[in-house]
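Protein chains: 10
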Amino acid sequence: MRNESELNGVSLLGNTGVKYPTQYAPEVLETFVNKHPDNEYLVTFTCPEFTSLCPKTGQPDFAKILISYIPREKMVESKSLKLYLFSFRNHGDFHEDCVNIIMKDLIALMDPRYIEVKGIFTPRGGIAILPFANYGDSQHQEMVKQRMLASFPDNF
Amino acid sequence: MRNESELNGVSLLGNTGVKYPTQYAPEVLETFVNKHPDNEYLVTFTCPEFTSLCPKTGQPDFAKILISYIPREKMVESKSLKLYLFSFRNHGDFHEDCVNIIMKDLIALMDPRYIEVKGIFTPRGGIAILPFANYGDSQHQEMVKQRMLASFPDNF
Amino acid sequence: MRNESELNGVSLLGNTGVKYPTQYAPEVLETFVNKHPDNEYLVTFTCPEFTSLCPKTGQPDFAKILISYIPREKMVESKSLKLYLFSFRNHGDFHEDCVNIIMKDLIALMDPRYIEVKGIFTPRGGIAILPFANYGDSQHQEMVKQRMLASFPDNF
Amino acid sequence: MRNESELNGVSLLGNTGVKYPTQYAPEVLETFVNKHPDNEYLVTFTCPEFTSLCPKTGQPDFAKILISYIPREKMVESKSLKLYLFSFRNHGDFHEDCVNIIMKDLIALMDPRYIEVKGIFTPRGGIAILPFANYGDSQHQEMVKQRMLASFPDNF
Amino acid sequence: MRNESELNGVSLLGNTGVKYPTQYAPEVLETFVNKHPDNEYLVTFTCPEFTSLCPKTGQPDFAKILISYIPREKMVESKSLKLYLFSFRNHGDFHEDCVNIIMKDLIALMDPRYIEVKGIFTPRGGIAILPFANYGDSQHQEMVKQRMLASFPDNF
Amino acid sequence: MRNESELNGVSLLGNTGVKYPTQYAPEVLETFVNKHPDNEYLVTFTCPEFTSLCPKTGQPDFAKILISYIPREKMVESKSLKLYLFSFRNHGDFHEDCVNIIMKDLIALMDPRYIEVKGIFTPRGGIAILPFANYGDSQHQEMVKQRMLASFPDNF
Amino acid sequence: MRNESELNGVSLLGNTGVKYPTQYAPEVLETFVNKHPDNEYLVTFTCPEFTSLCPKTGQPDFAKILISYIPREKMVESKSLKLYLFSFRNHGDFHEDCVNIIMKDLIALMDPRYIEVKGIFTPRGGIAILPFANYGDSQHQEMVKQRMLASFPDNF
Amino acid sequence: MRNESELNGVSLLGNTGVKYPTQYAPEVLETFVNKHPDNEYLVTFTCPEFTSLCPKTGQPDFAKILISYIPREKMVESKSLKLYLFSFRNHGDFHEDCVNIIMKDLIALMDPRYIEVKGIFTPRGGIAILPFANYGDSQHQEMVKQRMLASFPDNF
Amino acid sequence: MRNESELNGVSLLGNTGVKYPTQYAPEVLETFVNKHPDNEYLVTFTCPEFTSLCPKTGQPDFAKILISYIPREKMVESKSLKLYLFSFRNHGDFHEDCVNIIMKDLIALMDPRYIEVKGIFTPRGGIAILPFANYGDSQHQEMVKQRMLASFPDNF
Amino acid sequence: MRNESELNGVSLLGNTGVKYPTQYAPEVLETFVNKHPDNEYLVTFTCPEFTSLCPKTGQPDFAKILISYIPREKMVESKSLKLYLFSFRNHGDFHEDCVNIIMKDLIALMDPRYIEVKGIFTPRGGIAILPFANYGDSQHQEMVKQRMLASFPDNF
Ligand SMILES: [Ca+2]
Ligand SMILES: [Ca+2]
Ligand SMILES: [Ca+2]
Ligand SMILES: [Ca+2]
Ligand SMILES: [Ca+2]
Ligand SMILES: [Ca+2]
Ligand SMILES: [Ca+2]
Ligand SMILES: [Ca+2]
Ligand SMILES: [Ca+2]
Ligand SMILES: [Ca+2]
Ligand SMILES: [Ca+2]
Ligand SMILES: [Ca+2]
Ligand SMILES: [Ca+2]
Ligand SMILES: [Ca+2]
Ligand SMILES: [Ca+2]
Ligand SMILES: [Ca+2]
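Going down the list, the protein sequences come from chains A, B, C, D, E, F, G, H, I and J.
According to the numbering used here, the stretch in the first sequence is residues 1 to 156, in order.
According to the numbering used here, the stretch in the second sequence is residues 157 to 312, in order.
According to the numbering used here, the stretch in the third sequence is residues 313 to 468, in order.
According to the numbering used here, the stretch in the fourth sequence is residues 469 to 624, in order.
According to the numbering used here, the stretch in the fifth sequence is residues 625 to 780, in order.
According to the numbering used here, the stretch in the sixth sequence is residues 781 to 936, in order.
According to the numbering used here, the stretch in the seventh sequence is residues 937 to 1092, in order.
According to the numbering used here, the stretch in the eighth sequence is residues 1093 to 1248, in order.
According to the numbering used here, the stretch in the ninth sequence is residues 1249 to 1404, in order.
According to the numbering used here, the stretch in the tenth sequence is residues 1405 to 1560, in order.
None of the hints are false.
Output of the computed footprint for chain I on chain J, the stretches with three or more beta carbons under 8 Å from beta carbons of chain I:
1. 1439-1448
2. 1479-1488
3. 1546-1554
Label-pair distances were calculated between CB atoms; the ranges are:
4. F/Asp917 x I/Ala1398: 56 to 64 Å
5. G/Lys955 x B/Gln295: 40 to 48 Å
6. B/Gln179 x C/Lys347: 18 to 26 Å
7. I/Ile1355 x C/Lys347: 47 to 55 Å
8. A/Ser138 x B/Ser161: 29 to 37 Å
9. I/Ile1355 x D/Lys503: 53 to 61 Å
No lab work stands behind these hints, which were simulated from the structure alone.
Only a predicted model underlies this, so the values are computations on that prediction, with no experimental measurement involved.
We treat Cβ as the ideally placed atom computed from N, Cα and C, and that holds for glycine.
Construct the entire structure; sequences and hints are all you get.
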């Protein structure tokens, strides 16, 4: 079981006084320490409630965001990730930009061995868009290539 | 957030005065600038409302079109893509030809690093057809082979 | 759009005077010319209404047939393929034989770069059979191996 | 088996010389005689490939149309129904209007004992519309009420 | 357990010498005695492998047939029912006629308290047909009405 | 929480010394007392692992059995029900007979206010059978009629 | 086809200058005239992209909203309905309140013969809420009762 | 929007100091005031994470609990409902008892016009149990009967 | 079509005098000759009705068995395979043992180029087991490795 | 069939006197001997009823746990695995920690050639977490890499 010192830096989980950000807020992201650095393992988040705005028309867009990464020393805490994703609610950007921005913010936060971000956006005018971006350190360049290949959707 | 100059050349999105083309119209396609050229990422469109005509009988055909690509410097704007696909509405060609034509028009437009187009056509007389075509620049020849292999349908 | 000369040899599509064959009839198969020979692309047919007879008991069998191929110069016309498959209606053979015969007839017709045929037969006495056969020219021997590997069903 | 005189008036089925109408064309509808008038029975058509235009923007719309009726003396022939529905391809009307028009044309054609028409339109801007209309002669007024109640969608 | 005399009249089940009929053959239908005549109960058959021919073009049609009935004194044996339905394989009739004929043959065979027959035919040219017919003796007239109402398809 | 006296008569639950019966064994059924006799409530069991033998050929048959009832004073204990259903494993009877026998045994055991039994048998030779039987005391005759009506399968 | 005068009052459809409201805005709702007032018919909207805020914590909530109504003289235009529902984006209320407010606003707008509103909210802490409200004029009181009964979810 | 006085009595929502009860704890249930008492409407909760213990073996059981009710003056707050259901985690009772206890506790709390509780328990030894209980005041006796009838599972 | 000499050795298909074995009976397996030895092809059987007994408690277990192989000279006849699998009905072994035994018996029978056997067993006490075994001759060692890798279940 | 000496060490299966542990209890895990050490084969467990507590808030979490391994000499007995997983019921840890702990305990117990553990946790606040860890001996390092690659979820 995690003891209190191992929960150090986790301030948002179980804290309800925190205000939900209404503007893009990468600063809310928090981390905790990886207790199993000896083996490379994979952590995936699925966030089916992402919403942002169209940069030209202001129309709301909806997406499911999938984030997968292999941690190095730090791991993102899930409640802070939820608040961060919520902060796109009144932010306007193309779908392709949102996915790249989320990936870059998480790289800056955690310095993961490998990370990928995918957005499954709901259709507009009979067309849906699905952007996918990924990154790896020098030991994970082959994984970057393999996951790119595996991430082409066959039918969605 | 995209500023106005970064939206340069995007004339159709949010513009309702534009007329829907009734003949094959590759000239309606528009692009915007790729802001993340440093990492290769994947963008997929799904267009479940494609319809064209049989070149011999004039009978309407229906398909879902899937387009995936890795951008170089230009990216296709989704509303212009919708208008382009709509322009096949009164156009007669075999299913296999439509998929090849769409791929060639998007290569001419964007010069992508890699692109693939798949058509999932509804059955006629108890038989459905699914054509798949793909293309890559010299750095993506291995991806062309791998994606061809991965695109055989197992059961549809 | 295909012009008339490009539709040369297509006699069955849109022709209703043709009689439905009641015996195994490979001679009804027709082809048209491949207009995109420069890039290798994939065409798949799905035929969920295949029916043949048991060679020993005469009992009717039902299957979905999946055919995928990479064309060289000729392409099979889909209405003629439908009539060909219909000609098995009163033909008796084991499931494994039907799939091999269909593949061999299409190789003789089109000389494709690569082809595969799969039959998903409905269960008899609590057991279903699914045969899969494939073929490639000398440039596609690696594809023959890879597709064989990919075609093991995980759960059907 | 139906003999030739019982197929009287069926001119489109198996006739490929007929041209596909490009304007709203209720006159293509054909009927054949009901051979089982002694018992009331139900016939349903499902037409997943309906497409029309928005009356204000010209944008194409897509729908699945469901038609159910109890015949009196005449029955609508399915190939002529297909051509009729195809004639909406370049016609602009609200979804609610299309469904009412189809129902009224079929009442004029067949004088059925009971009929209902439902349209399941694909979403635009995150909202889908599903209109349902029905009609019965004086013996089927209770059926009109019961089917209206049963046709509220629970989740689509 | 059923003893031998209770299996009286069941000649086809477990008998492989019987030849599969190739023409419409209502005479192959067999019955066994209902051992629970004291309570009204319901028996349903589903037959997903029905195939017949178009009366005008000779083209094969495919359907799932659903038969439900409340037995009086006789019950139809399932293997004989299978052979009977198989005998439509080379028979040409409209979908609406097939369903009415099957129902009338089973009424003549068993004199059931109530019976209904539904055919779920695969689409032709983008349109599928689903006929439904039912019948009841004088004690089951309300059931005839209620089941007709319940058999309108909502979405298929 | 149930105290020990309220568990009186429950001998099989949590008792592993009991032998699995290999012949039809209605005597293994056990009951416990209904603690909520003031309100009529519904209990349903689903048993997807039922298997019996064909009375003529000895071939094994498989089914999902659904049992629903409104208790009076006694309730069937679920582990004893499992053993009882297991005892059909080497028993030969028509599907229609099995469902009637299970219902009659449970009426004799519990004297329920209402009970119904349905069997969803896997197909043989392209035909599946689904028998349904139900029973109610004099206060539940309307429920018997309504549930019979509601139990016609629409598509399975 | 609707002519221009029949499109009178429809100002938002095809008009992209309109700003998306950021506060609860029932005033954006628009209507058009019902051209088929002679028969009662049913119109359903499904809006899978509804989002509002928790009145106590400010946390975003997500829902699919289903609206069904029978029009009298006026019909709600779908693009204005989309903008109205979007105006809940920064509004805080219990799920049960949102559904009642939407229904009351639409009654005030259209005076429909019958209307119902259902919200299918995504789970929080392992519990999901689904509110349903309905209303009818004096001729539709039986429909109010029947639809309430039919709207209990069986499993969601 | 709910103001603060309308949130009176809601102490658990957004309050993380509250301890999760480890014993059956009906006292944690909280209510808020119904703001729409003029129209009868329906509220449903789905709780897929219910777990309790077998009263005889101590083995954990898992269920989805569905609760539907028509409020009178008080409505149960969803976070307090979650804590209440969590309090069964170390409680031993038969499935049929749990469902009856939950219903009786909610009647005592809210005095609803109508309420029903259903438990969909995961199978043990190939048998699953699904109990359903319901209650109504004198104006809702017909609803009690109708919902009982509608709650028989057809196939789960 | 297979002629009679090509059906040599097939004694069980269409023969109803054969008794169903009640003990483990590998001797019932029969083969026929492979008529297409020139190309390596794949044959898969799916047997969703497998049942055996727990070796310690005697409790019945249920599974779907999947068998895939590449034939050399002999092929297993499907009706004999059905009888063989049926012979496990009163046999007690761990799931992992059954799968290995079936694979070894089929290797001894056919000497296939490659074979794999998978068992998808229904859960007991909230845990399901899925064993997978495979084998290849010296030319198929790479296939053994690749199929092992591909057979890890992602979610079942 | 396994004889008694081959069941040596299996004490929990079919033994109901054993108490369910209420604290984390790796000591309950038991093994039996692998009878097929000559071929490498794969065993998978799926445990959809895992529940643990949040280390900070005490809130219960729910998951499906998937365990796959290739045995060396010892195999984990499934009932003891069930009891072990049950012992997390009152244990508080992050999802990522639980999956690593389960994998390490099973490595210590069995010394498998390869093992992987995946947890599919239900969402909290709109975000779900899915951790995956794996391990192999020196002969299975390539498998470790390949399975990591294959275990990225595409959509869950
Ligand atoms: Ca993928
Ligand atoms: Ca893929
Ligand atoms: Ca594939
Ligand atoms: Ca595969
Ligand atoms: Ca309905
Ligand atoms: Ca409904
Ligand atoms: Ca129905
Ligand atoms: Ca219905
Ligand atoms: Ca039903
Ligand atoms: Ca029904
Ligand atoms: Ca309902
Ligand atoms: Ca219901
Ligand atoms: Ca029901
Ligand atoms: Ca696989
Ligand atoms: Ca896999
Ligand atoms: Ca994967």
